[in-house]
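Student: Heads up: the sequence lines are chains A and B, in that order.
No gaps in the numbering here: position 128 of the first sequence is 128 in the numbering used here, and each next residue is one more.
One gets the numbering used here by counting positions in the second sequence from 1 and adding 204 to each.
Read the hints as simulated data drawn from the structure, not as lab findings.
Any given hint might turn out to be false.
Said to hold, decoys possible - Heads up, simulated DSSO-like pairs for lysine-lysine below, C-alpha to C-alpha not over 27 Å straight-line:
id, chain 1, residue 1, chain 2, residue 2
1, B, Lys-206, A, Lys-193
2, A, Lys-61, B, Lys-258
3, B, Lys-418, B, Lys-526
4, B, Lys-479, B, Lys-517
5, A, Lys-193, B, Lys-258
6, B, Lys-418, B, Lys-449
7, B, Lys-278, A, Lys-201
8, B, Lys-320, A, Lys-32
9, B, Lys-278, A, Lys-41
10, B, Lys-320, A, Lys-61
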Amino acid sequence: MSLSTPPPDRATATSEPVFRSKIAVPGNRGIKIVRSCTIRKPAAELYRFWRSFENLVAIIKHPVSIARISDTESHWRVSAPGDHFVEWHAVVINDEPDELIAWRSREGADVENAGTVRFEAAPGDEGTEVTVQLEYNPPGGRFAALMAKLTGDEPAQQVAEALRRFKALMEAGEIPTIEGQSAGGPQRTARRKEREQLQRKAAS
Amino acid sequence: MKAVCWMGKREVEVQEVDDPTILSPGDAIVRITSTAICGSDLHLYDGYMPTMEKGDILGHEFMGEVVEVGPGVKRLKVGDRVVVPFTISCGGCSHCQRQQWSLCDNTNPNAWMAEKLLGYSAAGLFGYSHLTGGYAGGQAQYARVPYADHGPIVIEDDTIPDEQLLFLSDIFPTGYMAAENCDIKPGETIVAVWGCGPVGQFAIRSALLLGAAKVYAIDSVPERLAMAEAAGTIAIHDDEDVLEKLRELTGGRGPDAAIDAVGMEAHGSSYDNLKQALKLETDRPYALRQSMRAVRKGGVLSVPGVYGGFLDKIPFGAAFNKGVTFRMGQTHVQRYMPQLLSLVESGKIDPSFVITHRVPLTRAAEIYEVFTEKRDGCIKVVLDPAA
Numbered sequence: 001m002s003l004s005t006p007p008p009d010r011a012t013a014t015s016e017p018v019f020r021s022k023i024a025v026p027g028n029r030g031i032k033i034v035r036s037c038t039i040r041k042p043a044a045e046l047y048r049f050w051r052s053f054e055n056l057v058a059i060i061k062h063p064v065s066i067a068r069i070s071d072t073e074s075h076w077r078v079s080a081p082g083d084h085f086v087e088w089h090a091v092v093i094n095d096e097p098d099e100l101i102a103w104r105s106r107e108g109a110d111v112e113n114a115g116t117v118r119f120e121a122a123p124g125d126e127g128t129e130v131t132v133q134l135e136y137n138p139p140g141g142r143f144a145a146l147m148a149k150l151t152g153d154e155p156a157q158q159v160a161e162a163l164r165r166f167k168a169l170m171e172a173g174e175i176p177t178i179e180g181q182s183a184g185g186p187q188r189t190a191r192r193k194e195r196e197q198l199q200r201k202a203a204s
Numbered sequence: 205m206k207a208v209c210w211m212g213k214r215e216v217e218v219q220e221v222d223d224p225t226i227l228s229p230g231d232a233i234v235r236i237t238s239t240a241i242c243g244s245d246l247h248l249y250d251g252y253m254p255t256m257e258k259g260d261i262l263g264h265e266f267m268g269e270v271v272e273v274g275p276g277v278k279r280l281k282v283g284d285r286v287v288v289p290f291t292i293s294c295g296g297c298s299h300c301q302r303q304q305w306s307l308c309d310n311t312n313p314n315a316w317m318a319e320k321l322l323g324y325s326a327a328g329l330f331g332y333s334h335l336t337g338g339y340a341g342g343q344a345q346y347a348r349v350p351y352a353d354h355g356p357i358v359i360e361d362d363t364i365p366d367e368q369l370l371f372l373s374d375i376f377p378t379g380y381m382a383a384e385n386c387d388i389k390p391g392e393t394i395v396a397v398w399g400c401g402p403v404g405q406f407a408i409r410s411a412l413l414l415g416a417a418k419v420y421a422i423d424s425v426p427e428r429l430a431m432a433e434a435a436g437t438i439a440i441h442d443d444e445d446v447l448e449k450l451r452e453l454t455g456g457r458g459p460d461a462a463i464d465a466v467g468m469e470a471h472g473s474s475y476d477n478l479k480q481a482l483k484l485e486t487d488r489p490y491a492l493r494q495s496m497r498a499v500r501k502g503g504v505l506s507v508p509g510v511y512g513g514f515l516d517k518i519p520f521g522a523a524f525n526k527g528v529t530f531r532m533g534q535t536h537v538q539r540y541m542p543q544l545l546s547l548v549e550s551g552k553i554d555p556s557f558v559i560t561h562r563v564p565l566t567r568a569a570e571i572y573e574v575f576t577e578k579r580d581g582c583i584k585v586v587l588d589p590a591a
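Given only the sequences and the hints, what does the whole structure look like? Please build it.
Tutor: Rendered as structure tokens:
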């Protein structure tokens with residue numbers, strides 16, 4: 001992470017880069033996540049992937065659908081515990097080609113959220129440092145956020161996992177998996193089900 | 205197909221499981237013709253590696269014939285005879301580009317798990333717990349080989365038998381890297397090797413190939429010491445005062461380089477046996493401690509032996525005050541395979557010397573027990589999946 005990356009828990013707009021003040025959710029009461037990784041690809045290629053938000057479905061492990069509405073707007077529908085889902089409209093509020101994309105949910109979002117992704121050259125031939133900042137107001141407040149953390153569906157983990165998968169997809173062309181592999185004993189049935197699911201998905 | 209499944213501590217079973225299929229574009233399916241049990245499999249068998257799940261298919265030393273390739277595979281083709289490295293590597297990350305194949309960023313689907321324990325995740329490995337990805341292993345009749353363009357080496361010469369090639373998958377490169385890490389100057393460097401199991405045997409022979417002036421081999425099992433002596437080393441039995449003996453044999457200097465080819469389950473310390481049994485310590489680093497004290501000032505300590513977690517009573521002061529250099533890690537197998545294959549092809553080494561037991565895969569359960577108890581002169585087991 002470069003030295004210029006702002007610490008996650010400070011939100012004094014004056015001392016931070018301009019884009020940071022733009023992403024804050026109303027009232028600055030959201031939960032903030034910062035996560036970064038280095039990908040051995042040019043910033044332009046990574047930016048291009050991310051700029052078409054519907055591509056993000058491939059790297060977000062949690063079930064999500066992202067529909068493109070216009071060049072700057074997309075509709076997000078994310079499954080939530082207990083057969084529920086949450087939805088919002090995301091709109092791009094800042095777009096610096098090959099450097100930065102910032103977005104924010106529109107009014108009426110089930111989960112108010114805002115985020116940026118920045119692409120910065122890493123030293124030497126390491127590639128590009130990709131930093132995601134996300135802020136959101138959890139429905140049900142901080143208590144619900146804590147519960148989500150306990151059940152393992154916490155957004156910070158999801159962001160970390162998405163970045164890891166983004167890196168794998170860009171550098172290796174695929175995301176590592178053992179879903180559907182052969183196994184014995186008690187794992188056998190579950191793995192077979194995974195495999196059948198994969199085959200159905202591939203066929204459809 | 206038949207596969208050797210881990211079912212609990214000291215419990216493996218040969219089970220009938222589903223044949224593997226292509227799951228990712230870069231996968232290949234290999235019909236296994238030969239597979240081996242590694243000393244490091246015993247850490248799993250003995251229950252010292254966390255994150256094993258009942259039903260996991262064991263094995264990371266295997267070779268065979270490619271029978272199917274995914275749509276993304278460009279280099280390998282059906283019919284190729286291949287040896288598969290135990291390290292699963294993507295070929296595209298900066299570590300793979302630097303030939304640090306075992307440190308690949310992208311092949312462990314459970315990287316989050318490894319990050320919690322290690323800070324950062326290393327490469328996925330075949331059949332070596334869910335911490336290293338949970339990939340099904342190669343003690344089976346078939347295996348799915350992911351990232352197939354960046355691992356398996358194709359064997360063109362059909363006349364070389366499996367037994368001479370199989371160990372390119374792990375223990376030969378592992379022993380070789382351990383020796384290479386010793387900065388051997390031909391005719392000058394004195395190397396001491398702790399542990400004369402299969403990796404130790406290959407470390408010994410690699411050190412001699414690289415020109416080590418003398419190699420001392422330390423173990424407590426007579427047939428292993430005899431095998432080390434056959435290579436041209438000087439054997440030291442572990443019940444001697446190893447430090448004194450080495451001091452005496454090296455003109456009071458100590459060996460220039462020490463290799464710990466033992467790892468986390470060393471014998472000889474009842475303190476560690478007790479602490480490990482009580483779960484107060486994950487590893488028994490007896491050999492590591494001894495080698496840290498025995499190595500010469502300014503020397504190198506090379507560690508191919510596998511360690512899993514937290515070690516106790518490490519004489520770090522000895523290493524610090526003597527300015528010892530540590531070199532360690534899982535082997536970058538892909539880096540070494542081509543050069544070691546040419547050593548085999550040219551007859552400079554016949555790796556099959558280490559094999560003591562050849563048994564059908566179906567007898568895996570009993571042979572695991574023989575191997576872990578070092579009974580019956582057991583040093584290296586090769587399993588025949590077809591028998």
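Student: With reference to the structure, classify each hint as holding or not holding.
Tutor: Hints and how they fare:
Taken as a hint, the B:Lys-206 and A:Lys-193 pair is honoured in the structure, with Cα atoms around 20 Å apart against an allowance of 27 Å. A distance of roughly 25 Å separates the Cα atoms of A:Lys-61 and B:Lys-258; the hinted pair therefore holds under the 27 Å criterion. Taken as a hint, the B:Lys-418 and B:Lys-526 pair is honoured in the structure, with Cα atoms around 22 Å apart against an allowance of 27 Å. Distance hint between B:Lys-479 and B:Lys-517 is fulfilled; the C-alpha atoms sit about 11 Å from each other, no more than 27 Å.
Our distance criterion of 27 Å between C-alpha atoms is met by A:Lys-193 and B:Lys-258, whose separation comes to about 17 Å. With a CA separation close to 14 Å, the supplied pair B:Lys-418 and B:Lys-449 stays within the 27 Å bound. At most 27 Å may separate the alpha-carbon atoms for a hinted pair to count; B:Lys-278 and A:Lys-201 meet this at roughly 24 Å. With a C-alpha separation of about 21 Å, the suggested pairing of B:Lys-320 with A:Lys-32 holds against the 27 Å cut-off.
At roughly 21 Å between alpha-carbon atoms, B:Lys-278 and A:Lys-41 fall within 27 Å of each other, so this suggested pair holds. Our distance criterion of 27 Å between C-alpha atoms is met by B:Lys-320 and A:Lys-61, whose separation comes to about 19 Å.
Hint compliance for this structure: every hint is met.
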